[in-house]
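Undergrad: Listed below, chain by chain, are the residues.
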Amino acid sequence: MKSKFLSGLIFAAGLVLAAPQALHADETCNSPFTAALVTGQEQFMHVWTLGMVGVGDESDKLVTVDVDPKSSNYGKVIHSLSVGGRGEAHHTGFTDDRRFLWAGRLDDSKIIIFDISKPAEPKKVKVIEDFADRTGYVGPHTFYAIPGRMIVQGLSNTMDHGGKTGIVVYTNDGEIVSQHDMPGDDMGGDAYGYDIGINPNQNTMLTSSFTGWTNYMMDFGALVKDPVAMKNFGNTMAVWDFKAMKPIKVLKVPGAPLEIRWSLRPGDDWALTSTALTSKLWLIKKDDQGEWQAKAVSDIGDPSKIPLPVDISITANGKGLWVNTFLDGTTRFFDISDIENPKEVYSKTIGNQVNMVSQSWDGKRVYFTTSLLANWDKKGRENDQFLKAYDWDGKELTEKFAIDFVKEGLGRAHHMKFSAKPNSSALGSTSETYQSLLSN
Amino acid sequence: MKGYLAVPNPFPFRAGYAAILLVLCSLLAFQGIAQADSAGSPFPEPGSYQLYRIQKVPDAYVLEHSSWWPRSLSTYASGKVTLLSFFYATCRDPTGCPVIWSSFETIHAEILDDPKLHGKVRLVMISLDPSLDTPERLELFSFARRSTHEDAPWHFLTTWSESYLAPILKELGQAAGRELDAYGEPTQFITHQVKFFLIDESSWVREIYTSGFFSPEVALNDIKTLLLEEKKTGKPD
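Respectively, the protein sequence lines represent chains A and B. Using the numbering used here, you'd call the opening residue of the first sequence number 6 and step up by one each time. Using the numbering used here, you'd call the opening residue of the second sequence number 1414 and step up by one each time.
These are calculated hints, taken from the structure and not from any lab test. Please note: incorrect hints may appear among the correct ones.
What the hints assert, rightly or not - On the chain B side, residues computed to face chain A include the following (Cβ under 7 Å):
1) Pro1459
2) Gly1460
3) Tyr1462
4) Leu1553
5) Trp1573
6) Gly1586
7) Ala1588
8) Glu1592
9) Ala1595
10) Thr1604
11) Ser1615
Note that this is a predicted model, so its numbers are computed, not measured. Don't be surprised by glycine CBs; every beta carbon is placed ideally from N, CA and C.
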């Protein structure tokens, strides 16, 4: 009995010690299962970039930028890896061991896997071409690491290119483990999908909902004038039993809820999302009866002007939130210390349009890119395409560098991920070197 | 052989116990944080969910008891439900091997406490440092658990060298490497992801856990789920 108690005690202590790595997740927006946290200065930024007609080789590509201020290449593109064609490059996600970066294309449903063990020189190691054929889903959007596997959230389907879709679980080698339809009518859901957020301690997975291929590939100007098309957006979030991979509840969140951010502060069990069409922040939290509920807690800008909130990024301490609004090119910082009453405390125009935002773990550096979807980006001179890096002192963003992705012949800058040089060499890979070291 | 390899640690488990002690001390400092969810477990009951086949355990040679008798890894990953992890005896990272040790100890005790699990669940730990963790040294760990071997077998495996270990790590997706010094050269210190692999009777990996979110309660639920599944499919008890 004593030994069992001791074991339990030791285990609990182990968990406590292991907790910081887990609870603090990654650079604030990755899966909590992602290893090798970049808690210090990020060294490289990988930008999944859409090919653009008349720009460079016109192909989708993974662009790597040196973001280490101590480097002579600071703020410069140091590597560009074209993957061929334009398939609506969109989001990316690390595998749990952070060795591979999965990147998706929403139009042709290809998934490209890059080896980033040498982060200054990513290599393309695999292309999954049969996502749609094998699953019936279209538009691999979110790539969310779980141990040894990658969860991929689709946006659409092969039957009607509408918003009904599902989730596919792959091994890290790219083999399908399982697939799961989004909750539909029987649960009061719309069966749409967009982002994934997992709270492992609560065994809870949240999903959000956007729109299908027909809409996200349509010209934005035409889309907003099409009342039928405008009805085809998600209005729900789903709560899943993560272990069982089963939806257990549908939450009404009207207006296309997009990115999901769980608070990373230990003890917090709530998440935020923003709705693109209704321009609100929504809080997902358990009520006094232990039931997950969603409620709108703040407007984002002036909803009547439809600023189109897009990416959001939560600070590691769960007290601040960056919110980008695409159409006015503005980033907004919300004080979310009182999560029931978020307050916008700062805003800055980044460009004619702004989509993605990524912040360093300490929140002192913030990066922005511009492209939303090829056919939704602004046209002509308003079509800014850049990566901009800023320092944030808690009061003001100070620009450090900007890279014009059109002038550089790259394309439309979309999703960003940080990386750093590894501090170890894989066992076995350097055994000869090691043996040599030992015998000297 | 010279240097580090020529002067092996004669007490390979001292460092492991030292790390456990460190963990215990840390518990005193952090005990207020380690509280169970007052609303009860959010995890489903055993048998009420499905664990999907993730991947097969790779073919590889491993060593137990003797360097002269290589065995197939599948010997240790079939016929019973198996919980497998990687460790090394001189590990100093309190968030690494001590977490694995304590988790295994808890699960081992739970198996011994539940007659329904006797003889149906196997624990396997594979060394990440074959140069130091020879079969003979690991025998010390096995010997200490000899009396419980029939009800709750616990195996300590190693390999001939890192070259034999590397394919197992690669196939299972277990990240592990030697820390680099200031000149980018590998040192004797090994960093590794803490991962646990739950394997069914047919050598399929059915669940993978990482340290921060590993719970013996959940692992035991999953073990029971696999055993219930095997019962349903008519496999022998």
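Undergrad: Against this structure, judge whether each hint is valid.
TA: Here's how the hints hold up against the structure:
Checking B:Pro1459 against chain A by beta carbon gives a least distance of about 11 Å; that is not within 7 Å, so the hint is violated. Because the beta carbon of B:Gly1460 sits about 11 Å from the nearest beta carbon in chain A, more than 7 Å, this interface hint is broken. Of the supplied interface hints, the one on B:Tyr1462 holds, with its beta-carbon coming within about 4 Å of a beta-carbon of chain A, less than 7 Å. Because the beta carbon of B:Leu1553 sits about 18 Å from the nearest beta carbon in chain A, more than 7 Å, this interface hint is broken.
The interface hint given for B:Trp1573 is broken, as the beta carbon of that residue sits about 11 Å from the closest beta carbon of chain A, more than 7 Å. Interface hint at B:Gly1586: satisfied, since its Cβ lies 5 Å from the closest Cβ of chain A, which is below the 7 Å cut-off. Interface restraint check for B:Ala1588: the shortest CB-CB distance to chain A comes to about 4 Å, inside 7 Å, so the restraint holds. A hinted interface residue such as B:Glu1592 counts as satisfied when its beta carbon comes closer than 7 Å to some beta carbon of chain A; here the least separation is about 5 Å, so the hint holds.
A cut of 7 Å between beta carbons decides the hint on B:Ala1595: the least distance to chain A is about 11 Å, and the hint is violated. Because the smallest distance between the Cβ of B:Thr1604 and any Cβ of chain A comes to about 5 Å, under 7 Å, the interface hint for this residue holds. Annotation: B:Ser1615 was flagged as interfacial toward chain A, and the flag is violated, the nearest CB pair being 16 Å apart, outside 7 Å.
Violated hints for the displayed structure, listed by number in ascending order: 1, 2, 4, 5, 9, 11.
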